[in-house]
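S.K.: Protein sequences, first through last, are from chains A, B and C. Numbering-wise, this note's numbering puts 72 at position 72 of the first sequence, and it's gapless, one number per residue. Here this note's numbering = 1-based position in the second sequence + 284. Here this note's numbering = 1-based position in the third sequence + 575.
Treat the hints as calculated values from the structure; they're not laboratory data. Among the hints, erroneous ones may be present.
Just some of the chain B residues that point at chain C, by a computed CB distance under 7 Å [said to hold, decoys possible]:
no.: 1; residue: 421
no.: 2; residue: 432
no.: 3; residue: 496
no.: 4; residue: 499
Quick reminder that beta carbons are idealized off the backbone N, C-alpha and C, glycines included.
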Amino acid sequence: MATSPFSPDATPAPEDATAPIISVRNLSVRLSGRDILEDVSLQVWPGEFLAILGPNGAGKSTLLKAILGLLPLASGEITVMGQPARRGNGSIGYVPQRRHFEADVHVRGRDIVRLGLDGNRWGLPVPWGSHRHDDEAVQRAITLVGASAYADRPIGRLSGGEQQRLLIAQALVTQPRILALDEPLDSLDLKNQQGVARVIRQISQENGASVLLVAHDVNPILPAIDRVAYVARGHVAVGKPDEVITSETLSRLYATPIEVLRASDGQVVVVGQTDEGVSYHAHG
Amino acid sequence: MSSPSFNIWQDVTRMLQYDFMRQAFMIGGMLSLVAGFIGYFVVLRHQAFAGESLSDVAFTGAIGGAALGINPLLTLLVTTIAVALGMGGLGERLRGRDVAIGTMLAWVLGLGALFLHIYSARGSGSGTGFSGVSILFGNILGIPAAQTATIVWVSVLTLAILAVVARPLLFASLDPAVAAVRGVPVRALGLLFMVLLALTVSEATLAVGALLVFALVLLPAATAQQLTMRPYRALLLGAGIALACMWLGLTLGFYSGLPTSVCVSGLACLGYAAALLWRRYAGGVVKSASM
Amino acid sequence: MLMADVIAPSWDLLADLQLLFALHFMRNAYLAGTLVAIAAGLMGYFMVLRAESFAGHSLANVGFAGAAGAALVGLPALAGLFTAGILAALGIHLLGRSRQRNDVAVGAVFTAALALGYLFIHLATSEYAANIYNTLFGNIVGISDGDVTVIAWTCLLIVAALAVLGRPLLFASLDPDVAAARGVPVRWLALAYLILLALLVAVAVQIVGVLLIFALLVTPAAIGQQLSARPAVALALAVALALIFVWLGLAVAYFTPYPAGFYITTLAFATYAAVRVSRLLPQRIRALAAWRGAA
Chain A
1 MATSPFSPDA TPAPEDATAP IISVRNLSVR LSGRDILEDV SLQVWPGEFL AILGPNGAGK
61 STLLKAILGL LPLASGEITV MGQPARRGNG SIGYVPQRRH FEADVHVRGR DIVRLGLDGN
121 RWGLPVPWGS HRHDDEAVQR AITLVGASAY ADRPIGRLSG GEQQRLLIAQ ALVTQPRILA
181 LDEPLDSLDL KNQQGVARVI RQISQENGAS VLLVAHDVNP ILPAIDRVAY VARGHVAVGK
241 PDEVITSETL SRLYATPIEV LRASDGQVVV VGQTDEGVSY HAHG
Chain B
285 MSSPSFNIWQ DVTRMLQYDF MRQAFMIGGM LSLVAGFIGY FVVLRHQAFA GESLSDVAFT
345 GAIGGAALGI NPLLTLLVTT IAVALGMGGL GERLRGRDVA IGTMLAWVLG LGALFLHIYS
405 ARGSGSGTGF SGVSILFGNI LGIPAAQTAT IVWVSVLTLA ILAVVARPLL FASLDPAVAA
465 VRGVPVRALG LLFMVLLALT VSEATLAVGA LLVFALVLLP AATAQQLTMR PYRALLLGAG
525 IALACMWLGL TLGFYSGLPT SVCVSGLACL GYAAALLWRR YAGGVVKSAS M
Chain C
576 MLMADVIAPS WDLLADLQLL FALHFMRNAY LAGTLVAIAA GLMGYFMVLR AESFAGHSLA
636 NVGFAGAAGA ALVGLPALAG LFTAGILAAL GIHLLGRSRQ RNDVAVGAVF TAALALGYLF
696 IHLATSEYAA NIYNTLFGNI VGISDGDVTV IAWTCLLIVA ALAVLGRPLL FASLDPDVAA
756 ARGVPVRWLA LAYLILLALL VAVAVQIVGV LLIFALLVTP AAIGQQLSAR PAVALALAVA
816 LALIFVWLGL AVAYFTPYPA GFYITTLAFA TYAAVRVSRL LPQRIRALAA WRGAA
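Excised from the complex, chain A in its bound form (with noise of 0.2 Å):
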């Protein structure tokens, strides 16, 4: 893992460090007459691998949602690459909170990061057309992740791990500069949790793409992350996981007393009102 993970705040990133990636700025975001996000505001850099933490329902999906151009904004705006957010963005890959396919879908798991591909594409894909250059980003993909033994079986017959990382190869085929992830660690348990956690670390680095990853425990992926925007109470508080994860911070998010804990091996806790970043976490 990076021994010293950048931060973009203290040290300019190697690409353009002038220019966010994602910019958001004042966004305020209502969905059926409930305020979600009140008044945030964030920057994304290119290849950061930013953690969106926070307890359910605090709206961490709702950001990413709301990043992607799925949700109307009541106020405030946000720039992904220069242009408004908008939905049908190539350069974004999205892995979406997931249930999982269910054991009769019999289609191989390349057809699935396949359709990430070209799925959106109306026609055919006609047989005498030449595929090589697709077939070569479809495996590279599958190999990034570590899919290989298992992309030709059934995609409803593998594991909760497995098909996570299938969608995370399908997320990526496309070479997005963005990948999105909501929740990918859900359900899956510690050791593939930690697999999964560093295959996108590794991706991030070799292809410089910016990573925002939705978690409710930060643990399994804490030697991975550059900064956190932690979200509570419709509000984020961005910055270095050292930083934001503090009693002081969390307690003025929270606007309650919370105590964070550091174990001896790294393993953050937190108490409190909320359950949040224990190892289990009871989740709805």
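Place chains B and C on chain A using the hints.
M.R.: Chains B and C only, in chain A's frame:
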């Protein structure tokens, strides 16, 4: 009917001497191709129950037209499309909410019983090619020539639309959330698909009857899905199996004197059972990981 | 299904009721209808809870093959219905072994059954249309005293079985994993339930027909569940509604030229739609008010 000589060429040419057989082979071929393609998406989208409900609607629509003295093909198409749009309007909520479909299905069948009663009381319906039993169990040999053109055009239209939307539809069926983010109009495609399904079910009703639509629309595609994991291959294979069931069924019916729809759906059921057995006992495509 | 003569009601309730029950076959129809409605209301509640509507529909269709096959070999229709129903229940149970719903496999079973049924009828007689319609849509005028006895014993068996199995079945339907962990024989209960369903379908065919028994199973139960979240109340509602639909449907059919199945299903669906709309409207109005307030 006549007995076969078991000289294949001779038997086939003898069968195709008859106008009604040539017409049945052509219409049946078109229908089964459409059904095979559409069916793959029905299986993928877990809409078997919706498809089955549409076939009951098709029964009521057709018998209603016959009872009220309107062209049954027209009422058949209109009612199935209207109900399909209604079900499509429920959209994603349709999955797993089979109670709502079931209640409606029960009522539509009740309505069908009423129309059947009126229709039987009037005791006619000749000339339209529709009768209660032929709507329930199909009569592809009795489709009047006037309706052949309609059927061919609707089939060609369905195939053309499907060719254009197949890939995004595949994406939206397998992975709606990601497809939506990638700019695929998931909801609009869902509605369009329901309309295509309605057209297919209506046509299949003519061939195998409202009660046996499942055999033509779903089973060949489900068989293909058992045999291959590649989407486009499964699409082609499904259409091929549907076509084979239809043509073999017509031939069997011709030489045995049994109703065509019984032969066609019997073959489709046998094919599906064989595919299931092959996968379970011969290992099939892949050793299943979780069973 | 065809009523010989249509009798106009006098709109004097007592006189009309006397008229209704004056004929022996109507008394039989009411007896049989009442018994089936009670059993269907109870069974339907579990069917909706278990999301087995499709299986119920398929079992009903399989009954068609049973009745037709029995006619072919000269057995009473009920014998064929019982045999085919129980075989199909076993088939659906085995196909659904992986505990995931396999709609296509279930559909294959009932398509095969319908095709067989059509074949049997085709082989049995050329004058088959009336047979088909009676099996598919029911024929309440033809219920004999012997039929009523069989229906009574079957419904008694179903109600007794549910009295014994009801609570574990409810547990297994709502939360199969926890129920299995607590030692409830989930798989056996599923099979027992399907067999009871097959029995019910078999005896109900004569009243509402294979295609319409579904209305008595699913609709009253769906309404009951809409109106109450408490299992006992929802069950009672389902039974009461099934009874009302059958009684009213039979009465209206007696005084009009149209079949009872149509009235029963229409009453049921209209009630369901009314309940859905009346529960939906306040939500919509509240949402609209909230939206107005916010704007």
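S.K.: For each hint, tell me whether it holds in the structure or not.
M.R.: Evaluated hints:
no. : hint : in the structure
1   : 421  : holds, 5 Å
2   : 432  : violated, 24 Å
3   : 496  : holds, 6 Å
4   : 499  : holds, 5 Å
This entry does not satisfy hint 2, going by the numbered hints stated previously; all others are met.
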